[in-house]
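Number of protein chains: 2
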Amino acid sequence: MIDLQTLGKQAKDSAYQLGLLETAKKNELLNQMADALEKRTDDILIANTLDLNQAEENKIRDVMKDRLRLTPERIQEMANGMRQVAQLPDPIGNVDKMWKNTDGLLIGQQRVPLGVIGIIYESRPNVTTDAASLCFKSGNAVILRGGKEAFHSNQQLVQILQDALLEAQLAPYAIQFVDDTSHETAKALMQLTDYLDVLIPRGGAGLIRRVKQTATVPVIETGTGNNHVYVDRHAQLDMAIPIIINAKAQRPSVCNAMETLLIHHEVAPFFLPKIEEALIANQIEIHADERAMDYLKTALPATEADWSTEYLDYILAIKVVDSLEEAIVHINKYNTKHSEAIITDNYGASQKFLKEVDAAAVYVNASTRFTDGYVFGFGAEIGISTQKIHARGPMGLHELTSIKYIVYGNGQIRH
Amino acid sequence: MIDLQTLGKQAKDSAYQLGLLETAKKNELLNQMADALEKRTDDILIANTLDLNQAEENKIRDVMKDRLRLTPERIQEMANGMRQVAQLPDPIGNVDKMWKNTDGLLIGQQRVPLGVIGIIYESRPNVTTDAASLCFKSGNAVILRGGKEAFHSNQQLVQILQDALLEAQLAPYAIQFVDDTSHETAKALMQLTDYLDVLIPRGGAGLIRRVKQTATVPVIETGTGNNHVYVDRHAQLDMAIPIIINAKAQRPSVCNAMETLLIHHEVAPFFLPKIEEALIANQIEIHADERAMDYLKTALPATEADWSTEYLDYILAIKVVDSLEEAIVHINKYNTKHSEAIITDNYGASQKFLKEVDAAAVYVNASTRFTDGYVFGFGAEIGISTQKIHARGPMGLHELTSIKYIVYGNGQIRH
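Quick mapping for you: the protein sequence lines, in order, are chains W and D. The first sequence: position 385 = 385 (the UniProt record's numbering), numbered continuously. The second sequence: position 80 = 80 (the UniProt record's numbering), numbered continuously.
Hints are computed from structural coordinates only; laboratory data are not their basis. Where hints are given, some of them may not hold.
Stated by the list, open to error - Short derived list, chain D residues pointing at chain W, Cβ under 7 Å:
1. Leu21
2. Thr23
3. Lys25
4. Leu237
5. Ile243
6. Ile280
7. Asn365
8. Arg369
9. Lys388
10. Ile389
11. Arg392
12. His398
13. Ser402
14. Val407
Claimed, not checked - With a straight-line cut-off of 20 Å between C-alpha atoms, the simulated EDC-like cross-links for lysine to aspartate or glutamate are:
15. W/Lys355 to D/Asp13
16. W/Lys25 to D/Glu77
17. D/Lys333 to W/Asp372
18. W/Lys12 to D/Asp194
19. W/Lys9 to D/Asp358
20. W/Lys274 to W/Glu310
21. D/Lys12 to W/Asp358
22. D/Lys355 to W/Glu310
23. W/Lys9 to W/Asp238
24. D/Lys9 to W/Glu356
25. D/Lys12 to W/Glu356
26. W/Lys97 to D/Asp372
27. W/Lys148 to W/Asp238
28. W/Lys333 to W/Asp294
29. D/Lys39 to D/Asp90
30. W/Lys148 to W/Glu167
31. D/Lys352 to D/Asp372
32. W/Lys355 to D/Glu22
33. D/Lys100 to W/Asp372
34. W/Lys333 to D/Glu356
35. W/Lys212 to W/Asp96
36. W/Lys274 to W/Glu304
37. W/Lys352 to D/Glu326
38. W/Lys9 to D/Glu356
39. D/Lys148 to D/Asp194
40. W/Lys355 to D/Glu77
Please read these numbers as outputs of a predicted model, since none were measured by experiment. C-beta atoms are modelled at their ideal positions from N, C-alpha and C, and glycine is treated no differently.
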């Protein structure tokens with residue numbers, strides 16, 4: 001088994017160095033790492049071929065193989081992603097608030113890095129450079145543990161980033177890779193309490209559950225989104241249709257896509273046939289409850305399991321509800337606290353939905369697809385937190401920081 | 001074993017109700033709970049006597065017995081503490097920031113409760129009402145698990161608070177007590193991932209370590225403080241003496257007291273005799289390194305263990321260092337990331353110390369004793385976080401909240 005203690009110690013030492021680097025230096029290093037990725041495109045492609053061959057042997061699905069595949073263009077995108085992170089404002093060192101207390105102490109809340117961040121992730125190799133650059137920019141050392149499917153690609157990518165840091169002789173172990181994909185090592189990483197300040201899992205529901213049950217280091221859960229759109233009795237129906245199609249069909253495989261549509265019974269009779277037409281035109285399969293079935297031609301009957309399924313596919317569950325209250329109860333029972341939307345023109349309904357629905361992002365008259373760090377204006381994101389501790393919703397650079405109280409006195413003692 | 005699943009479920013349901021209560025209603029209930037405490041003073045004293053008798057049998061130290069002892073005055077203080085929390089501003093519902101993104105969405109960060117908070121704590125029964133009132137005011141349900149020494153007192157206190165809630169028929173299980181002090185139950189509570197949003201241990205280093213190693217629910221570590229004061233070569237020595245005496249002797253048993261004094265070698269020869277005199281006048285025993293011993297009359301030789309000991313007692317370790325850099329290295333190696341201070345009149349030294357020392361609170365020319373929620377202006381505190389995730393330093397009502405993004409649209413879809 002790999003020596004995680006050594007990795008942890010190296011990360012901690014590097015984190016301290018990195019935490020003290022000025023922004024200009026961090027940006028310079030990010031740009032150097034981006035250049036190195038482009039320069040060594042061939043090395044990356046060779047490693048990626050190993051992964052693709054293995055995927056072939058293991059008869060991995062085409063869609064997964066596509067996620068895995070790197071091309072010179074995709075490598076350039078990864079490099080450009082790092083350059084963009086270099087251009088984002090650096091949160092570290094900023095003082096959010098500063099006030100004078102009754103003793104005359106000047107107390108400031110200054111942003112500092114978290115320290116050492118672990119990331120456990122699946123499949124796509126671009127997560128490697130995305131996560132590495134966001135952690136680096138926010139002054140954190142990172143220990144990356146990718147999935148076995150992209151093992152060779154990830155290993156090569158981290159090697160290149162590390163070479164660039166070694167060359168600059170600055171925080172050389174700020175970016176490290178766990179080159180062991182065994183479950184034992186994953187478990188040991190989840191319990192590396194002496195070194196990891198936080199662990200962020202990025203992947204499917206199974207991974208998130210495993211991490212949640214096993215990890216003794218602090219975890220920020222990300223990702224799964226069993227999201228709803230509720231069409232209220234006071235909805236503008238011509239606004240509802242494009243929002244529903246967008247939330248479901250624009251990119252069904254992502255966590256902010258809609259999975260269940262709830263419809264007030266008063267609008268169901270005339271709205272359901274219309275939305276069915278639009279959904280069919282977008283190749284969406286419908287799983288409907290009994291009441292909705294009355295107004296639908298092509299739907300399959302929904303079962304209890306449908307309400308808690310995150311399809312991530314061209315499938316939509318539909319349910320008719322008697323009231324806004326019933327919609328809210330259904331959502332709070334089945335959702336994964338990610339993104340929820342109401343379509344309404346009623347003021348009271350909008351306020352009630354915003355207040356009572358428990359989710360990271362709650363929308364009035366907009367698609368759930370907007371839950372995203374770029375869209376929210378954070379410049380980037382390392383994931384979308386569905387828990388309440390530390391960060392909730394899209395996590396940008398700010399969410400990768402903590403605070404330190406800096407206190408300026410002139411001889412104060414406590415009475 | 002107690003049925004923690006039921007407790008958890010009840011807490012979750014109550015948390016949802018409590019999260020929707022208006023501030024005025026929460027305040028009214030806090031005041032009613034305070035009244036109930038006073039009204040049932042006799043019941044509390046009877047329960048407390050059971051604990052005190054048990055302490056007597058177990059030959060508990062007098063200082064511990066004093067912490068355990070309740071009197072009508074102390075019960076009134078607890079009630080008044082609850083009334084003070086009622087008067088604090090309610091963070092829930094406030095929108096910290098709101099901005100318009102490029103799609104025209106109005107995006108707001110609204111404060112919401114964390115949900116269900118677990119508190120594992122030791123000895124003092126006033127923690128019961130303090131923690132309960134802070135969690136309640138911030139809209140969180142709480143599950144309290146106190147130490148066995150104060151079992152009867154804690155149980156009775158929670159019973160009274162719960163009776164008041166039951167009478168009002170509002171969120172009756174918002175405050176619950178684990179009436180089982182076994183280690184198995186404590187462990188099960190630390191792993192109650194389905195219901196606990198966060199667990200806050202309050203107690204000694206042993207408890208904190210056990211929670212950190214065992215808990216799979218999110219934890220906010222609190223408390224232990226192996227704190228330093230560094231007297232720089234540019235220190236105003238007449239300012240240093242009162243700060244050192246205050247940091248060490250004003251209340252040695254608390255986590256923000258100083259444990260090790262570091263002194264620049266240039267000032268050691270004339271400063272050490274002076275500070276020894278002041279320390280002796282305050283009944284402080286000195287454990288000094290070899291270099292410091294040269295200038296001290298009464299000190300015992302320090303061993304390696306002294307540098308990492310949180311005495312919480314009338315003992316101080318003293319070490320002479322060659323430079324500011326050496327002081328910072330020593331502090332970052334041995335401290336528990338709580339509170340650190342430099343005494344200096346040099347601008348560069350102050351800035352370097354503030355930047356490079358890793359701790360929740362870093363002071364220039366002030367006593368470490370100020371790290372406290374009341375002193376910082378938060379009105380109250382539930383503990384002092386020594387970790388970086390979610391909250392760092394004194395935790396007030398704000399630190400018991402999370403956020404929800406509320407998003408106002410008018411038909412936006414994602415492109």
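Going down the list of hints, with the structure as the test:
| no. | hint | result |
| --- | --- | --- |
| 1 | Leu21 | violated (11 Å) |
| 2 | Thr23 | violated (14 Å) |
| 3 | Lys25 | violated (15 Å) |
| 4 | Leu237 | violated (12 Å) |
| 5 | Ile243 | holds (6 Å) |
| 6 | Ile280 | violated (19 Å) |
| 7 | Asn365 | holds (4 Å) |
| 8 | Arg369 | holds (4 Å) |
| 9 | Lys388 | holds (4 Å) |
| 10 | Ile389 | holds (4 Å) |
| 11 | Arg392 | holds (5 Å) |
| 12 | His398 | violated (11 Å) |
| 13 | Ser402 | holds (4 Å) |
| 14 | Val407 | holds (5 Å) |
| 15 | W/Lys355 to D/Asp13 | holds (16 Å) |
| 16 | W/Lys25 to D/Glu77 | violated (54 Å) |
| 17 | D/Lys333 to W/Asp372 | violated (39 Å) |
| 18 | W/Lys12 to D/Asp194 | violated (32 Å) |
| 19 | W/Lys9 to D/Asp358 | holds (16 Å) |
| 20 | W/Lys274 to W/Glu310 | violated (24 Å) |
| 21 | D/Lys12 to W/Asp358 | holds (12 Å) |
| 22 | D/Lys355 to W/Glu310 | violated (45 Å) |
| 23 | W/Lys9 to W/Asp238 | violated (58 Å) |
| 24 | D/Lys9 to W/Glu356 | holds (18 Å) |
| 25 | D/Lys12 to W/Glu356 | holds (14 Å) |
| 26 | W/Lys97 to D/Asp372 | holds (17 Å) |
| 27 | W/Lys148 to W/Asp238 | violated (46 Å) |
| 28 | W/Lys333 to W/Asp294 | violated (25 Å) |
| 29 | D/Lys39 to D/Asp90 | violated (27 Å) |
| 30 | W/Lys148 to W/Glu167 | violated (28 Å) |
| 31 | D/Lys352 to D/Asp372 | violated (24 Å) |
| 32 | W/Lys355 to D/Glu22 | holds (12 Å) |
| 33 | D/Lys100 to W/Asp372 | holds (14 Å) |
| 34 | W/Lys333 to D/Glu356 | violated (47 Å) |
| 35 | W/Lys212 to W/Asp96 | violated (31 Å) |
| 36 | W/Lys274 to W/Glu304 | violated (25 Å) |
| 37 | W/Lys352 to D/Glu326 | violated (58 Å) |
| 38 | W/Lys9 to D/Glu356 | holds (18 Å) |
| 39 | D/Lys148 to D/Asp194 | violated (26 Å) |
| 40 | W/Lys355 to D/Glu77 | violated (35 Å) |
The structure fails hints 1, 2, 3, 4, 6, 12, 16, 17, 18, 20, 22, 23, 27, 28, 29, 30, 31, 34, 35, 36, 37, 39, 40 (numbered hints given earlier, in ascending order).
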